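Just so you know, the sequence shown maps onto residues 1 to 1200 in full-length UniProt numbering.
These aren't lab readings, by the way, just hints derived from the structure by calculation.
Some clues are possibly wrong.
[Unchecked claim] Ranges of calculated distance between the beta carbons of each label pair, as one might list FRET restraints:
#1 390 with 866: 23 to 33 Å
#2 379 with 330: 38 to 48 Å
#3 888 with 38: 35 to 45 Å
#4 646 with 323: 36 to 46 Å
[To be verified] 30 Å max Cα-Cα, derived DSSO-like pairs, lysine-lysine:
#5 172 with 151
#6 1141 with 1078
#7 481 with 509
#8 614 with 877
#9 48 with 106
#10 1051 with 1078
#11 582 with 481
#12 1078 with 1170
#13 877 with 480
Keep in mind it's a predicted model, so treat the numbers as computed, not measured.
By construction, the Cβ of each residue, glycine as well, lies at the ideal position given by its N, Cα and C atoms.
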Amino acid sequence: MTPAWWGLCETNDFSLPQCIEAVLGFANLHMMLSPLHELVVIGITPDKTEFLFPACSSESAAEASHDGQYDLLGRMNDMVRRRAFEVVNESHAHTTTVVLAGAVIKALCYYLRRCRELNPTKREEGESSDGDLIESGESSEKVSGRLLIIKAADDNPSQYLSLMNAVFTAQKLKIPIDSCVLPLSPPVESALGKMLDRNTTQKQTRHSSLFQQAADLTGGIYLHIPRAGGLLQYLLSVFLPSLSLRHRLLLPDISSSGLSKGVDFRAACFCHRRLIDLGYVCSMSGENSGKHILKRKSDDSVDDRAWKKKREDAVDDRAWKIMQTMGYRPGQGLGVNAQGVVEPIALSKQKGRRGLGLVEQSGSAVYTPGVLYKSTDPQLVWSDGIDSASADGDKIWCWEASNDDAVKRNGAHASLQHLLLSPLDPKSLGPAISSMDNQIQFCSGHLVREMLTYKNQLDHVEKRTVTECHERSNPYELIKKGIFLNRAAMKLANMDAVLHGLFTNAENKESILYFADVCAGPGGFSEYILWRRCNAVSLGSESNLEDHEDGDIANHSEASKDDPCILRVPQLAAKGFGLTLKGDCDFRTMDFLAGPSEAFLPHYGLDGDGDITKWANLSSFASLIGRSTGGLGVHILLADGGFDVSGKENLQEVQSKRIYLCQCLCALITLRPGGHFLTKLFDVLTEFSAGLIFLMGQVFEEVMIVKPVTSRPANSERYLVCKNLLSPASHMAGCLPAPRQKPTSEISSTNTNFKQKWKRPGQGRNPGSGAHTVPVADDKEYGLLDLEKTGAVGQLIRHFLAVNEALGSVDQSSAGDAKQDILRLCTPEALAEAEQYQEFLRQSNEEMIVDQCIALSKLLAFIHDPRLSEPRQIEVKKSCMAKWKMGTRERGPVPWPIMSANHSAVIHEILGDKERLTSLNPVPVQYRPNLREERCTSGHLARIDYLFGSHIVLVTGSPATTACSAAAERMLIYSRGERSSIYCTIDGDRWENFDQPTQSLRLPPGTLLWGQPTYEYNQKNGSRRRALMVFDIACVYGHDCRFLPYRERMKLAQRMADVVNFPGMRSSVRVPELRRLKDFPEYVSSLPLLPCKDCSGGNVQMHKYDDGMAFRPDSVLLVNHLAEPWSEEVSRTTGRIYYVKGDFGETTFDIPSDQQFTFVQTRFIVVPWKAQSSYRQVSVNELVEKIKWFRGKSDEGFDY
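Start from the sequences and build out the full structure, keeping to the hints where you can.
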């Protein structure tokens, strides 16, 4: 109750008396909730702190009584009003701050006194003292308390220490401290302001960091209300509920107040409110308190030029100001006799624990503090200007195995047997490589030794130091990860742009791009592909949505109303499969923000560990992809395998060769003809790596080694790109079945008839999360290798499988110095004869090593001199992002394109679903599900001539049961994606969680559709699972579909279902086929009679899917999607749908857009499959008979 502050901020809307009345309303309701409730009201002014209620023992209680009012409440109200008036009138202070710490301490003391009075204890010898009781909280075990502070004035810095002590006491007593801050703002000019401090009128009630911390430490609620006039409502709805109900409260969004949210725990000086950082020290001693900035005296005799020079050399001005306060004079030391050090203290060069027992390796040049190593070759030493940095700095080396057009036309070489070297051949074996110094067959020995020497300098430098110097020395370092999960995604974006969309344009933009991502957790590659392929604007335009302003995005939905064709391009055009190790290297699909994670499925193979080196896992992965793509395979396979090689950095190539091999093997198994392959490599100096690339080049049109600018120049990382798989087959090659027992190195050249006779725990079942699939019995029908049809590709797969198994045997059997290893994949003569290939490999190695040596030299220079920096980073980042069409927005909670936490304009328009909003608005009337459908009666059949050409037939499955064992109804379903939840509403008034037992829907975020949960059955074993049937769709992945024609909307719904459905999952998304009413009788008669576990009366009519599932028809929906008098027919010559106006009117292929119904205009007529007891309601049989009767009397329609 600060008179000066209230007088300065008082308005017609809110004043101090109104604030007191709101507090009394809250206090009255609190007292009425229970006869055991007690209340104490304390008023605080700049002069003192007083109890307003209850009265002191020396004061007489108020005698006033009001008719119809509880006497205790009447006395409390009168006393608080009277005492508040007296306390305010007695205050004459002009200050605008109060000391709240004293009031908090008084309140805690009152609480302890009441606890002792309500729970009296007898003090015996040896019992704990009062102080001990306070510490343990035993005295308040049966009495609970809460402390509410209603604050209008600003904080007083001097109360920090005492207030925090009081907060810690409240924390031990388990008393939550609630704080309600009023948003009072004084006018800019005020007459009263002239009496106050000159800065007072520029203040407003800000967030109180002190009470934010107090609420957080004690478990209370801190709220800065956005409107003071609603104080009573906030008090009743936020602070009145008991502590047990607080976890259910949905607190107001404090960001609406215009101030930042969250508790600010940053270290700050509590007297000046400055954040404490390097070079700033606050002194609270003596008369200098609050005077942390001192002006230089005018009579100083210090030379101005010398002073300015010192100031220019300073690291921070604040440091010089601190020196001044300690009596510093230029040219003199500190101290009474100026005996301090005059020269600046040198920067410390100590790095971590170096020097404490460090033992350098003998015989090798290692980094020594203070000594900068430089190569004797001046071309390998960094200097300013020697390393160029631009968006065009990518390096690409290309090689084609043969320019023979016949090879390309036939698909691949007829046989590769003359090139392959068996893993049991003595020529393929040799002593394991322990040093890279002699690996000079494909590179200059001088360059290899210089590179290794440079690398050795880093062996004894802390990783933290190396990383920090990478960030300072690499001109491309600021590119980082952008809006994606990690830097790997930006590397793929870099290479995709440099190679002119080789990966994201591997399939036309209106079809689904199938891709595989192996050894690539947490999934940056996949997130990029999903981002680039699943957002309409990024598919065919020169700009991306993230470059637009928020206002442009908000108007996106409005634009679609004016131009219904704006979103005709399918939004979901990618579907991915992942294989990686479980554990720390696993995919983090929940963190996919830039693309829909529902279009990606992690798979872990038959062994369930995701190990790509296991034959069974490769075979299982091939089966999954075969089932999902109809046996065709994926368009692209991306691999990014690697592991920690700490202590053996120079042998990274040798350590990683099995991963190299298996990633190439996986690509040959799963790619379709014409597919592309990308994998990460390191050094390519050994015969094994050279032979691997050479053999891959035999079955691909072209191979490339790429060093993108996003790959740090100081490391050996590079990427192998294999373009256009050459295969005589028309489908993916597949994999040989994994043997039941430990295989030998010799593998039969013919297919085996191996069938799995045993079942692992959990095999054939789906995990509860729906995050990935487990191989099912049907998998063995897909992805099997046919050596006769696949030619050279099949031969190479068989060879790689044998080598992989042999490598596994070598790792387990060999040990010690005599360890034998597989050193070659192909004959040495084949490599020696391939002169163009050797030149390609030597050129790429030598050019890359030269650049790497210069980068390593630069890195060492930056380690040696911490003052060095790279000035080109910002400009290089801008040019690279512009070239790659990536935009400059960093990853955040809601960047566009849509993320799981971001919601589109159309969703906000219909449901009011904004960021951080947990509740959904009722559905507008025109969207209500119960208004979209009506029961079919004899009156509808009387107009069969109108229904015949204007309505589409949808056949629906039998409804699933809900958690309450009731049949599921047709409903609106809204998805926030995997990160949140899926909600549904039947009546449109209330949204509920989509509660379907054992059904885990995969719907992209920002999707709003009308559908029904149904059952479907496995045709082989009769097992039942749930499916969501979609009848109409308003929004897909945040894109507005409401104004598209119905057939276009259902086409997008089918695209969504194709993308999110994976084999072996517990539930699926189904879109019923659109059928003409004219052809419906033939469809009904063609349905087969099959057994159904939910029907006890024998076989029933079932609709069969191509994937082996079936459903039992339950009803038919007649969809009215055209305005009268339009109808539609199918051209006999072209097969296209054309439209007829009236019985014998005009015909056209392009109907006016306003004659096709939008989402809210489309209506459905429900026809049950079996006759119901309802009067006048017809069944499917009656509808079929009526169609036959009318078809016999009508013409076949017009034709072009």
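The hints, checked one at a time:
no.	hint	in the structure
1	390 with 866: 23 to 33 Å	27 Å, holds
2	379 with 330: 38 to 48 Å	47 Å, holds
3	888 with 38: 35 to 45 Å	59 Å, violated
4	646 with 323: 36 to 46 Å	45 Å, holds
5	172 with 151	24 Å, holds
6	1141 with 1078	18 Å, holds
7	481 with 509	25 Å, holds
8	614 with 877	41 Å, violated
9	48 with 106	12 Å, holds
10	1051 with 1078	21 Å, holds
11	582 with 481	23 Å, holds
12	1078 with 1170	20 Å, holds
13	877 with 480	9 Å, holds
This entry does not satisfy hints 3, 8, going by the numbered hints stated previously.
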